[in-house]
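Asks: Sequence:
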Amino acid sequence: MPNLKSAEKRMRQNEVRHDRNVQVRTRIKNARRAMLEALEDKNSEKGAEALRTYSSVLDKAAKAGVIKKNTAIRRKRDAANGLRKIVSA
15 MPNLKSAEKR MRQNEVRHDR NVQVRTRIKN ARRAMLEALE DKNSEKGAEA
65 LRTYSSVLDK AAKAGVIKKN TAIRRKRDAA NGLRKIVSA
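Position 76 of the sequence shown, counting from 1, maps to 90 under the working numbering, and the rest follow consecutively.
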């Protein structure tokens, strides 16, 4: 248990941030799963929509500081490359 009032506040803030970060990471994982399912089905329209959603979720997570900006960029690039392979095949 913290001794200082500021340490108590910091604990409360950390709990709230932790809960938010867990929710955002779950959204990322769900969007990624939807993207991978669309790619496995070789459905380019569904894949394009899933890529749009996945990119949006990653950008919001990077903006909130849950993941780093370059991590979001790399993941979006990899997902787009996967979709590109499906469309060109």
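If you are wondering where the hints come from, they were derived from the structure by calculation, not from laboratory data.
Values in this document were obtained by computation on a predicted structure and should not be read as measured data.
Incorrect hints may appear among the rest.
Quick list of in silico lysine-lysine cross-link-like pairs, BS3-like style, CA-CA up to 27 Å [to be verified]:
| no. | residue 1 | residue 2 |
| --- | --- | --- |
| 1 | Lys-23 | Lys-74 |
| 2 | Lys-83 | Lys-19 |
| 3 | Lys-90 | Lys-74 |
| 4 | Lys-77 | Lys-43 |
| 5 | Lys-74 | Lys-43 |
| 6 | Lys-90 | Lys-23 |
| 7 | Lys-60 | Lys-23 |
What follows is a list of derived Cβ distance ranges for each label pair [stated by the list, open to error]:
| no. | residue 1 | residue 2 | range |
| --- | --- | --- | --- |
| 8 | Val-101 | Gln-27 | 43 to 51 Å |
| 9 | Ala-94 | Pro-16 | 13 to 21 Å |
| 10 | Ala-62 | Pro-16 | 31 to 39 Å |
| 11 | Arg-34 | Arg-98 | 29 to 37 Å |
| 12 | Glu-54 | Ser-20 | 24 to 32 Å |
| 13 | Glu-59 | His-32 | 31 to 39 Å |
| 14 | Lys-60 | Met-25 | 26 to 34 Å |
| 15 | Gln-37 | Arg-91 | 18 to 26 Å |
| 16 | Arg-46 | Ser-102 | 20 to 28 Å |
| 17 | Lys-23 | Ala-62 | 23 to 31 Å |
| 18 | Met-15 | Ile-100 | 48 to 56 Å |
| 19 | Ser-102 | Ala-21 | 53 to 61 Å |
| 20 | Glu-59 | Asn-35 | 46 to 54 Å |
| 21 | Met-15 | Asp-92 | 38 to 46 Å |
A virtual CB, placed ideally from N, CA and C, is assigned to each residue, including glycine.
Asks: Does each hint fit the structure? Answer for all of them.
Replies: Each hint tested on the structure:
The hinted pair formed by Lys-23 and Lys-74 meets the criterion: a straight-line CA distance of about 26 Å does not exceed 27 Å. Between Lys-83 and Lys-19 the alpha-carbon distance is near 33 Å, which puts this suggested pair outside the 27 Å criterion. Distance restraint check for Lys-90 and Lys-74: the Cα-Cα separation of roughly 12 Å lies within the 27 Å cut-off, and the hinted pair is therefore satisfied. Of the supplied pair hints, the one linking Lys-77 and Lys-43 holds, its CA atoms being roughly 17 Å apart against a limit of 27 Å.
For the suggested pair Lys-74 and Lys-43, the alpha carbons sit about 14 Å apart, so the restraint of at most 27 Å is met. Taking the CA atoms of Lys-90 and Lys-23, the gap is about 36 Å. The hint is violated against a cut of 27 Å. Restraint check: the Cα-Cα separation between Lys-60 and Lys-23 comes to about 45 Å, which exceeds 27 Å; the hinted pair is violated. Checked against the given bound of 43 to 51 Å, the beta carbons of Val-101 and Gln-27, roughly 45 Å apart, stay inside it.
In this structure the supplied range 13 to 21 Å is violated for Ala-94 paired with Pro-16, their Cβ-Cβ distance being about 46 Å. At about 49 Å, the beta-carbon gap between Ala-62 and Pro-16 misses the expected band of 31 to 39 Å. One distance hint, 29 to 37 Å for the beta-carbon pair Arg-34 and Arg-98, holds here, with the actual separation near 33 Å. Between Glu-54 and Ser-20 the CB atoms are about 50 Å apart, so this pair departs from the stated range of 24 to 32 Å.
Hint check: Glu-59 to His-32, Cβ distance near 37 Å, so the stated range 31 to 39 Å holds. Hint check: Lys-60 to Met-25, Cβ distance near 44 Å, so the stated range 26 to 34 Å is violated. For Gln-37 and Arg-91, the Cβ-Cβ distance of about 25 Å falls inside the hinted range of 18 to 26 Å, so the restraint holds. Judged by the Cβ atoms, the range 20 to 28 Å given for Arg-46 and Ser-102 holds: they are separated by roughly 22 Å.
For Lys-23 paired with Ala-62, a C-beta distance near 45 Å fails the hint of 23 to 31 Å. Taken as a hint, the range 48 to 56 Å holds for the pair Met-15 and Ile-100, whose Cβ atoms sit roughly 54 Å apart. Distance hint for Ser-102 and Ala-21: a CB-CB separation of about 56 Å, consistent with the stated range 53 to 61 Å. Distance hint check for Glu-59 and Asn-35: the Cβ-Cβ separation is about 32 Å, which falls outside the suggested range of 46 to 54 Å.
At about 44 Å, the beta-carbon gap between Met-15 and Asp-92 stays in the expected band of 38 to 46 Å.
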